[in-house]
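K.L.:
In order, the protein sequences belong to chains A and B. According to my numbering, the first sequence is numbered sequentially starting from 1. According to my numbering, the second sequence is numbered sequentially starting from 1.
Mixed in with the good hints, there may be bad ones.
Said to hold, decoys possible - From the structure, some residues in chain A lie toward chain B, with a derived Cβ separation under 10 Å:
id, residue
1, F8
2, R180
3, R185
4, R192
5, R342
6, W343
Said to hold, decoys possible - Derived DSSO-like pairs (lysine-lysine); straight-line CA-CA distance at most 27 Å:
id, chain 1, residue 1, chain 2, residue 2
7, B, K63, A, K181
8, B, K216, A, K184
9, B, K132, B, K145
10, A, K181, B, K132
11, B, K314, A, K181
12, A, K184, B, K266
No wet-lab data here; the hints were simulated from the structure. Remember, it's a predicted structure, so these values are computed and weren't measured experimentally. The beta-carbon is built from N, C-alpha and C at its ideal position, and this holds for glycine as well.
The lines below spell out each chain.
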Amino acid sequence: MSRAHELFELTRVRVLLFVREPEAIFWVFVFPLVLAGVLGFAFRSKGVQPARVGLVAGAGSEELAAALAEDEHVELVRFDVPEEARRSLARAALDVLLTPGDPPDLAYDPARPEGESARLRVLRLLERPAPGAAPVATEERVEQTGERYVDFLFPGLLGMNLMGTGMWGIGFAIADVRRRKFLKRLLVTPMRRSSFFLSFIGARLVFLVLEVAVLGAFGVWALSVPLRGSVALFALTCLLGAFAFAGIGILTASRARTIEAVSGMMNLVMMPMWLGSGVFFAYERFPAAVQPLLRLLPLTALNDALRAVCLDGAGPLELARPLGLLFLWGALAFAVALRIFRWE
Amino acid sequence: MSGAESSGPSAPVVLTRGLVKRYGELVAVDGIDLEVRAGTCLGLLGPNGAGKTTTIEILEGLKVPDAGEVRVLGLSWRDSAATIRAGIGVQLQATEFQDKLTVFEVLRLFRCFYRDGRTPDEVIAWIGLEEKRNARVGTLSGGQKQRLALGSALINRPRVLFLDEPTTGLDPQARRRVWELIETFKSEGGTVLLTTHYMEEAERLCDELVIVDQGKVIARGSPAALVASLGAESVVEFAPVGGDARSFPEDELRALPGVRDARFEKERVRLSVGDGAAAIAALFQLAARRGVALEDLRTHRATLEDVFVALTGKHLRDE
Chain A
1 MSRAHELFEL TRVRVLLFVR EPEAIFWVFV FPLVLAGVLG FAFRSKGVQP
51 ARVGLVAGAG SEELAAALAE DEHVELVRFD VPEEARRSLA RAALDVLLTP
101 GDPPDLAYDP ARPEGESARL RVLRLLERPA PGAAPVATEE RVEQTGERYV
151 DFLFPGLLGM NLMGTGMWGI GFAIADVRRR KFLKRLLVTP MRRSSFFLSF
201 IGARLVFLVL EVAVLGAFGV WALSVPLRGS VALFALTCLL GAFAFAGIGI
251 LTASRARTIE AVSGMMNLVM MPMWLGSGVF FAYERFPAAV QPLLRLLPLT
301 ALNDALRAVC LDGAGPLELA RPLGLLFLWG ALAFAVALRI FRWE
Chain B
1 MSGAESSGPS APVVLTRGLV KRYGELVAVD GIDLEVRAGT CLGLLGPNGA
51 GKTTTIEILE GLKVPDAGEV RVLGLSWRDS AATIRAGIGV QLQATEFQDK
101 LTVFEVLRLF RCFYRDGRTP DEVIAWIGLE EKRNARVGTL SGGQKQRLAL
151 GSALINRPRV LFLDEPTTGL DPQARRRVWE LIETFKSEGG TVLLTTHYME
201 EAERLCDELV IVDQGKVIAR GSPAALVASL GAESVVEFAP VGGDARSFPE
251 DELRALPGVR DARFEKERVR LSVGDGAAAI AALFQLAARR GVALEDLRTH
301 RATLEDVFVA LTGKHLRDE
């Protein structure tokens, strides 16, 4: 039969096997939704976090309480026993502990960001600027759509999911056909070996459409993440990302004989990208020396491109570098996989 | 290309000359010659590790021999791999189909690799799995799975079928159903090459047997001719108990009337005999003289197993 028919049948089998695996459905569709939902909820805009300030009773404590009452974002907790107050601070139930005196004593844990911000807030209240003095700086609160943490996070989660489903799905499937000796059985038929590879990509594309549609809809409607660039560019970015990770998935599984070996290899390959490709925080936080390397990783390229098209409304020119990089990764991985693949 | 179309009616469908395959130090196949004529079944018989699977995988194009000539359907793997693949059917040892595909889906997949062949439903009827057409592979019994594997090998109407231990692990009834399918394929003019370590299977299906051990052919011929070559009609086995440990010297046993050969296997003694009644009578006299009891005495008609033991001193299925 024709090559197209062969490819169609192999792809159909891959799709059937996938949809009949409930765990796979969970990890591809449900888990990322739950993760995005939980993180989106945890990092939603919820106004200014109040500073929890403990105040030990004593001479001068009422003056301190009055000064603190001027800021609505200070939550005052009074203590009669100093030891009890100390314990609360140690358990992080308090951000700052004030003990009256001349001058009053301010205890806080500088390792906690909340401690530092509460300290600044309290110090500013205690300094009492002269009435009518000009403000030191004008203030602006950033709560608009497109600039929140969840807007940064969501494209990263989508990129991570495209990587994970591509690599796990393909890696496990290859290890499975090899373990069952099903691969060997296919080899004694006239099947073209390239069709075998291409069927994995074909099946991946079928699920890519569903995966991106489900996740994208959730991001846009439930989390109000913007899509400022064109839908076509967004789709192309997802497509190239899936292509790159399909290739890397086949390459990673090309020699492994067992599911366990594939798992180990997959984790080894993906771990640097989970950490360094800016899924949860910007990779600019890493030392400048390693950033050029991080920017070469396929997940970094995918995340950069997704953020550019979603948040910055980037056009084709700005996306050329990350998208070209993704294509190169995919093409190179396929070429190497075809050469080193263990058929038996 | 000379010989590429030499597949006339008398040319062998499968042919090897001086086949050698090494794995490092180990010589798995050590100069095996085979010839399978159209419409016949040849059985490779031997214990585990004899080189049967390596030989059949070379014929299937899965392994490349280190030396020797291979022709399948008159063609060589080097020049005509695609043509050979289109014309052969293969059942590998212990291939598992995906549990979550149905019988029909498995066959539909295999059908798509061939230009010509049977439809999946024709094959399903042929292997008698009509009621399991839409059942998943994971729900099939061992015998049904094996019939499906056979069906997948037959979907392209192959001219030659390679079967590597087609009934290993099946119960007797399931085994007979598989045999019937292989016999039907043969009766329609198909050629079969199979490996087995079941005597009954070899005797029932094979026109010619090649007994291999440690990569070498140690005997060949029809099942009947091989048994006849033993020169014995029956085999007598027993365990001597009591008396002197050396109370039965081999040469004394061989000298008994009717005994052709005697062999010690751990605690048991095995006699190949032409005249069973005379041999047993003489054996009891000898045992009485030496004060030895003959425990667990058995006698049976000589079989291929006895041929194998006589040739190698080993059993085919050494657990």
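K.L.:
Hint by hint, note whether the structure agrees.
P.N.:
Verification of the hints:
1. Taking 10 Å as the C-beta cut-off, the interface hint given for A/F8 holds, the closest approach to chain B being about 8 Å.
2. Contact between A/R180 and chain B, as hinted, is supported at the beta carbon level, the nearest pair being about 4 Å apart and thus within 10 Å.
3. Against a cut-off of 10 Å between C-beta atoms, the interface hint on A/R185 holds, since the closest Cβ of chain B lies about 5 Å away.
4. The closest approach between the C-beta of A/R192 and any C-beta of chain B is roughly 9 Å, which is under the 10 Å cut-off, so the hint is satisfied.
5. About 13 Å separates the beta-carbon of A/R342 from the nearest beta-carbon of chain B, more than 10 Å, and the hint is not met.
6. Taking 10 Å as the C-beta contact cut-off toward chain B, the hint placing A/W343 at the interface holds, the least distance being around 9 Å.
7. For the hint linking B/K63 to A/K181, the alpha-carbon distance of about 15 Å falls within 27 Å, and the restraint holds.
8. Our distance criterion of 27 Å between C-alpha atoms is met by B/K216 and A/K184, whose separation comes to about 26 Å.
9. With a C-alpha separation of about 11 Å, the suggested pairing of B/K132 with B/K145 holds against the 27 Å cut-off.
10. Only pairs whose Cα atoms come within 27 Å are accepted, and A/K181 paired with B/K132 is accepted, the gap being roughly 23 Å.
11. This hinted pair does not check out: B/K314 and A/K181 have alpha carbons roughly 30 Å apart, beyond 27 Å.
12. For the suggested pair A/K184 and B/K266, the alpha carbons sit about 41 Å apart, so the restraint of at most 27 Å is broken.
Hints 5, 11 and 12 from the list above are not met by this structure, while the remaining hints are.
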